[in-house]
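Protein chains: 4
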Amino acid sequence: MTVRIGVIGVGMIGQDHIRRLTQVLAGSDVVAVADTDAARARDVAGGLAGATAYATGEELVAAPEVDAVLVCSWGPSHEQYVTAAIRAGKWVFCEKPLATTEQACLNILDAEVSHGKRLVQVGFMRRYDPAYRALKASIDGGEIGAPLIFHSGHRNASVPSHYTADMAIVDTAVHDIDVARWLLDDEVVETMVVTPRKSGRGGPLQDPLLIMLRMRGGAIVNIETSVNIAYGYDIRGEVVGETGTVELAESATVLVKRQGVVNARVPEDWRERFIRAYDIELQDWVDNCRRGTCGGPSSWDGYAATVVTDAGLAAAKSGGWAPATLRDKPMIYG
Amino acid sequence: MTVRIGVIGVGMIGQDHIRRLTQVLAGSDVVAVADTDAARARDVAGGLAGATAYATGEELVAAPEVDAVLVCSWGPSHEQYVTAAIRAGKWVFCEKPLATTEQACLNILDAEVSHGKRLVQVGFMRRYDPAYRALKASIDGGEIGAPLIFHSGHRNASVPSHYTADMAIVDTAVHDIDVARWLLDDEVVETMVVTPRKSGRGGPLQDPLLIMLRMRGGAIVNIETSVNIAYGYDIRGEVVGETGTVELAESATVLVKRQGVVNARVPEDWRERFIRAYDIELQDWVDNCRRGTCGGPSSWDGYAATVVTDAGLAAAKSGGWAPATLRDKPMIYG
Amino acid sequence: MTVRIGVIGVGMIGQDHIRRLTQVLAGSDVVAVADTDAARARDVAGGLAGATAYATGEELVAAPEVDAVLVCSWGPSHEQYVTAAIRAGKWVFCEKPLATTEQACLNILDAEVSHGKRLVQVGFMRRYDPAYRALKASIDGGEIGAPLIFHSGHRNASVPSHYTADMAIVDTAVHDIDVARWLLDDEVVETMVVTPRKSGRGGPLQDPLLIMLRMRGGAIVNIETSVNIAYGYDIRGEVVGETGTVELAESATVLVKRQGVVNARVPEDWRERFIRAYDIELQDWVDNCRRGTCGGPSSWDGYAATVVTDAGLAAAKSGGWAPATLRDKPMIYG
Amino acid sequence: MTVRIGVIGVGMIGQDHIRRLTQVLAGSDVVAVADTDAARARDVAGGLAGATAYATGEELVAAPEVDAVLVCSWGPSHEQYVTAAIRAGKWVFCEKPLATTEQACLNILDAEVSHGKRLVQVGFMRRYDPAYRALKASIDGGEIGAPLIFHSGHRNASVPSHYTADMAIVDTAVHDIDVARWLLDDEVVETMVVTPRKSGRGGPLQDPLLIMLRMRGGAIVNIETSVNIAYGYDIRGEVVGETGTVELAESATVLVKRQGVVNARVPEDWRERFIRAYDIELQDWVDNCRRGTCGGPSSWDGYAATVVTDAGLAAAKSGGWAPATLRDKPMIYG
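Residue numbers (the working numbering), protein chains in the order written: chain A, 588 to 921; chain B, 588 to 921; chain C, 588 to 921; chain D, 588 to 921.
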């Protein structure tokens, strides 16, 4: 059985997912697209054999040939498309963020809970990265004892000039926050932001940041975001347990010796570092659709991430600890 | 366009490729299977929607719905199926070895040359391994100067009791031989085999071996095969150039610190180490079939590998250097 | 010229320095010892050709055959011996801490300033560790741009049962504090302590700790102390600059592959990790004495470390940032 | 007790050992020097408090104030000075080679055997390198099972224009040969030399070389010498055992991330790589002299190295295996 997928939002990310579904992964057809830019939707549909361009995301969701919906539109529009898909009882993969406000996330949770079972997967692709999976396997396998601290480093070579310190929390650290919740299997209860001297490379941008999360069970997550660090895209992670540690290894596949040093490549950007994670993530979603199930990061995970990044913004303003308060977890999220 | 593939030989490797084509990769359908065990062919076909089980490989090759043929049968049968596919003008992917004798390889070359263009890709998957590709990119990019020596290490945790010292050359070192030819872009002119003291773990088996190849351009390839080394499956490679070196890095994705050491996993077997290479290899073949082209390791590469392993067997017997003599390279192989 | 050294305090550390001076390093004689345990002083002197056991540290300092004094006594007694040596105009090497209270440190500074030039070196041996020196050389050489964050990790396999959370700051993190001041060439202005969930391995001990320092120039130092972590003695350090980073490499000299992993030894304790640093440190002091100069960490460094650890204790109590306020730096400290 | 040392040959190496003895190590005085260049001997003696310049090495050996002799003169003169020291019953440390011909080595063995116990240590400093010691400890500790192959790589950034292919065996690979005998605790029975294409960086010099040694117990040593490789001084070593391997790790103490790569320094030359080995080696000799014993590499080791390098020269000429035949090992060599 082939899953027939409709894609809402066919900008850069949407088109990349279409490429992935049609040229890299098994088991799906892209049968429908929609975009607020109707011409772009028609162009993209034209490049796909037998795909229809719909005028709106809602029409795409309603189309009978669409089994599952991939939401890649602008963040503020996620709520309307995801809830529409839930009401139609269709599988939906929503790129992060699930929604841009806590209330919008709660509305999605309510819709899914009303439906009675999970339909939504959120695009936190790091959970599919082989290195992070090995990290989690070591923790879960008891190799390091109970985890106490998670050091996470998120470094970009550069960011565009419109990037703000808020984005360092909401767009950048959100990945570290999600992966922390997943690795430690725990929720964040409060957060604090410490601001080192600004890098001279980012103009007025407050960069880097140190973001601390206290988990319900007491573990501390210690996140560094450095988004203009020039040398490359470097994702670091080390979990300190009671009897040992586990950390992400360097990702280079070869070592070159020349001119007085041995060197190994650092990835240039997130595409290079996480391309496999995106592939595995979406294949997993397609496979689940084919099996009639839903897995991976849930709406709950998307909601929790938003609550924590909101707390991070408050903490950055106050300079002290800011609480992250979650509603009770509905049964369907385990 | 979807490539319609027929698979000849549906034992372990054939079934694994069918899983790959249907569950992992994009762009193909498996529409036909054949096997000397007719019941197995029917079973496998039964698990695939709309696939036919043919009585013989030749019938499968002739079937009009088959665009391309994947040969996974017993080595001695490769020649007949590959030449049948060539005569039918169909794309063919042949698992290594291309054929088990030099003459059989030459017969395939003759058939393909008569056809007038390449149709055959041989399953030397290491050329698709991301680490080997980075090794080659460093060499080709001039990072280490002209290559002079290639140290290659091929280590298996264990081999079955029927494994012989000949197999260390023909089945094991053949991968190092192919990758040496590809990395150095050169042919082997002679080979020598040096035998260290036998490992106590292999019974009567002469293991390890040191196999040296002298390339036409004068570079030396220095291969170690250790096929009962217990600790894991470990593929090593370092190319020594005039001004630098490049080597395969360790492949582990995480480092664990516990009990007095920092440790990193060594792959357990070739599946773990090269699963991605197999996926990329076969996707490349499928993509080429869709584009109407043929790439990757050719019949010539399969032929050359056989000539060199034959020379290796002669060298192991004589204790001295044994020549590897190739016919002139037909134009279609570049 | 040979430096004639008197050692005050001949417990474990004092005896180890005597071994170092007499069996490892060049250029000195140990001619005098003193200890509150007179019998121990006599025993140790008896094992050294021509050494005298003095009844008190003050008598040792006054002895005409003593060129330079090595203070290895109990911390609270450091002030009296160091000031006595300064008044006598003799070179003095004082094991850390310089003194156990800020006032005692100030008294030493006053004495040295009155003398008019540096006489005191404090035993912060990490500044002599080849790895830390390479770290500093990279920063000072501009390889990573201006430093913004220093991540420091200080891990012990275990500590004795009398070890307290205060000691994690005063005895353990004090090394990270000194090395941070030295690497960043800056002073600490405030500090904060974050407490993760307690490790189950340390009984009532609050372990691990995260200690943050804000430097005058705005850089943040992010220290983890984990003093019961079982797996070994592991000193980590990474400086994040505007355009790059530099970090301590693993210290193992060989890699072993066995039983499915490649492993490298982690040091067992501080002796294994820093034995060379101690040797180089003391040779440097001896060499300086021979040349009639004084170098290395100064009384000012010892004083600043005490002010910062006091601030750390206050921060641990308050949960917020605590200021570290230094007096004006006297000219003799550069 | 202080060992009073006389140094024969005060060129670059002799002066470096004098610096070591007087400024780095404990327990010795340099009391006498001799050199064929009498003015140089007087100059060097003048810089040492109370040292005498002797007209000949023989006079130095005979001087009553000389307890032990350090031979750093030209290789062909080693025999005469070492045998003189043996006849005088004095400890002697002889830089490598022990002597430049097999016969000269045999004469030294005969003299020492006549004396009845070991007096001579030969300057194979690698045995004192902490990394090689860890390698040997892993092997001897049974971590990798019985050793079968030793891969050794000896790379220099460059060599002077008078350097010859013979020197690659006699001066360069001799270190790998000695360390192989020591690591494997076995003697070489035959050797072969394989010549890759010449590097363009060495003019007429045949570089690199692959030198194979077959040990009495059957293990094979696989040595690469690359002496004009530009990128640095790089000593590699991996021992392949029946169940595992152990290899020298990279020696850098820090990792720098900048400009798209993580890099680690490769040593510039043998001084940088082995300075500690030289220090430890000579301290061990001094300590042994103080204790009245003799350890480290013996005259037998110096003799065996010369026999093997002679075999290597023969093998390079013949292209085949050349035997290395040793006399029976006298009892005093264990």
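Among the clues, some could well be false.
The list makes no distinction among identical chains, and a pair is therefore deemed to hold if it is satisfied within one copy or across any two copies.
What the hints assert, rightly or not - Within a straight-line C-alpha distance of at most 30 Å, the following computed DSS-like cross-link-like pairs (lysine-lysine) qualify:
| id | residue 1 | residue 2 |
| --- | --- | --- |
| 1 | K785 | K704 |
| 2 | K677 | K785 |
| 3 | K785 | K723 |
| 4 | K723 | K904 |
| 5 | K904 | K704 |
| 6 | K904 | K677 |
| 7 | K785 | K916 |
| 8 | K916 | K683 |
| 9 | K916 | K904 |
Just so you know, the hints here were simulated from the structure itself, not pulled from any lab data.
Structure-based check of each hint:
no., hint, in the structure
1, K785 x K704, "neither (46 Å within a copy, 38 Å between copies)"
2, K677 x K785, "neither (46 Å within a copy, 45 Å between copies)"
3, K785 x K723, "between (33 Å within a copy, 21 Å between copies)"
4, K723 x K904, "neither (33 Å within a copy, 34 Å between copies)"
5, K904 x K704, "neither (38 Å within a copy, 47 Å between copies)"
6, K904 x K677, "neither (40 Å within a copy, 54 Å between copies)"
7, K785 x K916, "between (39 Å within a copy, 27 Å between copies)"
8, K916 x K683, "within (20 Å within a copy, 52 Å between copies)"
9, K916 x K904, "within (28 Å within a copy, 35 Å between copies)"
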